[in-house]
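There are 2 protein chains.
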Amino acid sequence: MTTEAAGTESPSALEFLVLAKDCVSRPVLGDITGRWGTLVLLALREDSLRFSEIRRHIEGINEKALSQSLRALERDGFVERHAEEGFPVRVEYNLTELGATITDRLQTLVDELYSFMPDVLTAQSDYDRKHPAI
Amino acid sequence: MTTEAAGTESPSALEFLVLAKDCVSRPVLGDITGRWGTLVLLALREDSLRFSEIRRHIEGINEKALSQSLRALERDGFVERHAEEGFPVRVEYNLTELGATITDRLQTLVDELYSFMPDVLTAQSDYDRKHPAI
Chain Z
1 MTTEAAGTES PSALEFLVLA KDCVSRPVLG DITGRWGTLV LLALREDSLR
51 FSEIRRHIEG INEKALSQSL RALERDGFVE RHAEEGFPVR VEYNLTELGA
101 TITDRLQTLV DELYSFMPDV LTAQSDYDRK HPAI
Chain S
1 MTTEAAGTES PSALEFLVLA KDCVSRPVLG DITGRWGTLV LLALREDSLR
51 FSEIRRHIEG INEKALSQSL RALERDGFVE RHAEEGFPVR VEYNLTELGA
101 TITDRLQTLV DELYSFMPDV LTAQSDYDRK HPAI
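Taken in sequence, the protein lines are chains Z and S. Numbering follows full-length UniProt numbering, with no gaps: position 130 of the first sequence is 130. Numbering follows full-length UniProt numbering, with no gaps: position 15 of the second sequence is 15.
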């Protein structure tokens, strides 16, 4: 729950609480789950990819959103950016060990979501029938 | 990967792909992971709560964001809204079975994130030192 965690030597996991507004863990949760974060991590799960390849993997993401998301994930230590020698310079992104662990959890969540989707679609139809748009 | 899943009788989990722009699973992933979705689900994990109680649990959420998030999660079948008899009417929100399962996964993810936070904070400091703000 602490905002001072950043200043201490080795904060314990107990000091964090995403429900607390100023906890440093909340923006990190946002980075990995926000509008694009999860999709970027999932796209990098199998292989390291170039920027343009990630864009192709994630339909509908624009350049700015992808570059912001990659920067945030790199800053958090979940993604690494490698610039290989050569011309033109080849830049690739890959998951770090931390990033891979988090991404495995996200994949589990997404796989579970897929298995629930039939129920979700039924719930959505029921809801929409009961709450018709005006 | 299909957008027609909603129209079929019992779509299999294999038909969904969050990386595909029009897949019906992508907005649902957004509902459970988006800016507030995860926090709303986590807040409801222990107990059913009234609207004002959820607001107190999630520091910084405003009324509009909470009500949109609850509506989306209710529509997806993850949250139930109960209005109890009486005056004033007492409205409570609780997780459905589906919602509880998804929330358990989110809690696992968040617990893991807490354990990683010391490394994340170190990574952030390193990054900020290498990329000083202009």
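FYI, nobody ran anything at the bench for these hints, they're computed from the structure. The reader is advised that the hints may include incorrect statements.
As the list claims (entries may be wrong) - Just some of the chain Z residues that point at chain S, by a computed CB distance under 10 Å:
hint, residue
1, S67
2, L70
3, R71
4, D119
Computed from a predicted structure; not experimentally measured. Note that CB positions come from ideal geometry on N, CA and C, so glycine has one too.
Now for the hints, and whether the structure bears them out:
Checking S67/Z against chain S by beta carbon gives a least distance of about 13 Å; that is not within 10 Å, so the hint is violated. Look at L70/Z: its Cβ only gets to about 12 Å from chain S, farther than 10 Å, so that hint breaks. The beta carbon of R71/Z comes within 9 Å of a beta carbon in chain S, closer than 10 Å, and the hint placing it at the interface holds. Given hint, D119/Z at the interface with chain S, holds; its Cβ is 6 Å from that chain's nearest Cβ, closer than 10 Å.
Consistency with the previously given hints fails for numbers 1 and 2, ordered from lowest to highest.
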